[in-house]
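*Asks:* Sequence:
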Amino acid sequence: MQRTRTLSDKVFLILKGLGMGAANKVPGVSGGVVAFVAGFYEEFIYSLQKFNAKAVKLLINGRFKSFYTYVNGRFLSLLFLGMIISYFSVSKVLDYLIKHYELYVWSVFFGMIIGSIYYISKDFKDWELKTYTALCIGIIMGISVSFMDPATENDNLWFVFFCGIISVSGMTLPGFSGSFILILLGNYVLLLVDSVNALFDTFAEMLQGDFSFIKNEARLRMLKILAVFTGGSVVGLVTFSHVLNYILKHYRSITIAAIIGFIVGSLGVVWPWKETKFKYQADGSALLDSNGKQIIENYERYLPQLNTETYWALVYIMLGIAIVLALEIYGRKTTKQHA
1 MQRTRTLSDK VFLILKGLGM GAANKVPGVS GGVVAFVAGF YEEFIYSLQK
51 FNAKAVKLLI NGRFKSFYTY VNGRFLSLLF LGMIISYFSV SKVLDYLIKH
101 YELYVWSVFF GMIIGSIYYI SKDFKDWELK TYTALCIGII MGISVSFMDP
151 ATENDNLWFV FFCGIISVSG MTLPGFSGSF ILILLGNYVL LLVDSVNALF
201 DTFAEMLQGD FSFIKNEARL RMLKILAVFT GGSVVGLVTF SHVLNYILKH
251 YRSITIAAII GFIVGSLGVV WPWKETKFKY QADGSALLDS NGKQIIENYE
301 RYLPQLNTET YWALVYIMLG IAIVLALEIY GRKTTKQHA
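Under UniProt numbering, the first residue of the sequence shown carries the number 1, and numbering increases by one thereafter.
One should not assume that every hint holds.
What follows is a set of in silico ranges between Cβ atoms, one per label pair, in the way DEER data are often shown [to be verified]: (1) I329 - F124: 18 to 28 angstroms; (2) Y118 - Y302: 21 to 31 angstroms; (3) F159 - V93: 26 to 36 angstroms; (4) G73 - I140: 33 to 43 angstroms; (5) R63 - Y101: 46 to 56 angstroms.
Just so you know, the hints here were simulated from the structure itself, not pulled from any lab data. Bear in mind the structure is a predicted one, so any value in this text is a computation, not a measurement. Note that the Cβ used here is the ideal one computed from N, Cα and C, for glycine as well.
Whole structure, please, built from the sequences with the hints as guidance.
*Replies:* Spelled out as structure tokens, the structure:
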């Protein structure tokens, strides 16, 4: 599975990490879809499942180079470098775009999901009763998740650890949006916005020689929450990779069919024409979380009207499809070069 990578391969791998990180940050979009379409999904799962007893033994014995080679470290390090950069750069740009150009951003993602469905299903030939059944189950699960009501924020550390395990599933299971699951669990703002911003602010202050955050209990609490969430994410990544590696090896056709179904069902999450509904108290005042932000209740979807805004949205949907097709063409060329 491991191979020699050129400089351009390494650069593109970091860019793919940027794409995965950005996708994982956006509710309704799955980083696993990026991995699937860009052609490195199976290598990603293969590399993660290498974190096993043998890897631990290599670490304990101090054989760090062997450990790095065994777990496909060059591939994972470049990919995760892209993800980390994304969380402190691309993600912030996305936050701005969603705030000011929400319809068009969701339109691009909607197009990308449609393109992903085409990409994954075009070469799938194993259609029979069991795969059709898996497809239907995947669609039902995707739709069910799309219309669930979010919970309220919970900063209990055990629950935060659990959120880390669940949210990272979007990286390993295409179509399963970990960030949207965090909205349903009530902790999206806490874990993917406030805690990340707290870490960013801490690094910025440290570079200026300011270590006053050590006496800031609220900041330290947020950093502790982020550390626990990260720990849960690592456990989730390794656990899910082992499970998925086994499933893909023994039930590949059923798994692919279920993934296609889940992605189809998840279209409801990224439907561009929707309004955010917030929770309110009995007296009509806004219901706020512990950080003073208004709590999301759900999304109210509606059919688009024929106007200039809608026409532009359709253009952006086509752009999203084109992005996925471009990734597919690049993936085919890369595969031929290394064949």
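*Asks:* Give a verdict on every hint.
*Replies:* Status of each hint after checking the structure:
1. I329 - F124: 18 to 28 angstroms: 19 angstroms, holds
2. Y118 - Y302: 21 to 31 angstroms: Holds - the Cβ-Cβ distance for Y118 and Y302, about 26 angstroms, lies within 21 to 31 angstroms.
3. F159 - V93: 26 to 36 angstroms: Since the Cβ atoms of F159 and V93 sit about 30 angstroms apart, the hinted range of 26 to 36 angstroms holds.
4. G73 - I140: 33 to 43 angstroms: 39 angstroms, holds
5. R63 - Y101: 46 to 56 angstroms: With a Cβ separation near 50 angstroms, R63 and Y101 satisfy 46 to 56 angstroms, so the hint holds.
Comparing the model with each earlier hint shows no violations; every hint is respected.
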